[in-house]
Amino acid sequence: MIVTGANTELTLSGESTFGKATVQTDGTLVSSGNLTAAVDVKDTGTLVASGNVKGDIDIALGGTFKSGNDTDKKLVLDGKFTSYKHDTNAANNSVLDLDLRYGNRSDAAVAATGDVTLAGTLNITAQSSGIYNLFSSGGTLTRTGLTIGTAWDGT
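When the sequence shown is numbered by our numbering, its final residue is 155 and no position is left out of the sequence of numbers.
Everything labelled a hint here was simulated from the structure, so no lab data went into it. Treat the hints with care, since some could be wrong.
Keeping only pairs whose Cα atoms sit at most 20 Å apart, straight-line, the calculated PhoX-like set for lysine-lysine is [as the list claims (entries may be wrong)]:
id: 1; residue 1: K80; residue 2: K66
id: 2; residue 1: K66; residue 2: K42
id: 3; residue 1: K74; residue 2: K54
id: 4; residue 1: K80; residue 2: K42
id: 5; residue 1: K20; residue 2: K66
id: 6; residue 1: K42; residue 2: K85
id: 7; residue 1: K74; residue 2: K85
Remember, it's a predicted structure, so these values are computed and weren't measured experimentally.
Construct the complete structure from the given sequences, taking the supplied hints into account.
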C-alpha cells in the first residue's frame, strides 16, 4: 500500500493487514486500531499512530511520526522503531511529534518489542511539567543525534 500526495490521508481503524505500507510526498497514514504491516515513512510523509502495529516502523529523513489521535495516544509496536538525523541540514531530520496530554505518564508513548533508534527532532506536547516515559524497547534503545525541537506543557 502506498499513501502519497498533498491532502491525501488514509485512516485505518479496527484490523488492517498489508505486506508493507509506504507513506510519502505529503501523504498521511492514520492508524488507531491493529495494523499488521511494516511502515516506511518517506520524505514529507506522516504516520499518525496509536493502538497496535505489528511490523517495523522506519521514519526516513524528512518523514514525520505523530503519536495517535485518540485519548490514549499510546503505540504498542511489535517490531523496531527507527528515525534519522540529517548530517548537514536539521530541516531534513526525521520528526517525532509526541502528544502526551492523555494517558498515564509512566506508560511509554511508544512501546516497542524490538530495537528503538532515535535520531532527528523530537517535539513534545504535555499536559503539565513532569517526568514522562517517551519510548520503551524490548531490545536496544539508542539515541544518536536526537534534539529537542519544541516542548509545551499544555497550560
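To see whether the hints hold, each was checked on the structure:
no.	hint	result
1	K80 <-> K66	16 Å, holds
2	K66 <-> K42	14 Å, holds
3	K74 <-> K54	14 Å, holds
4	K80 <-> K42	17 Å, holds
5	K20 <-> K66	19 Å, holds
6	K42 <-> K85	13 Å, holds
7	K74 <-> K85	24 Å, violated
Hint 7 alone, counting from the list given before, is not met by this structure.
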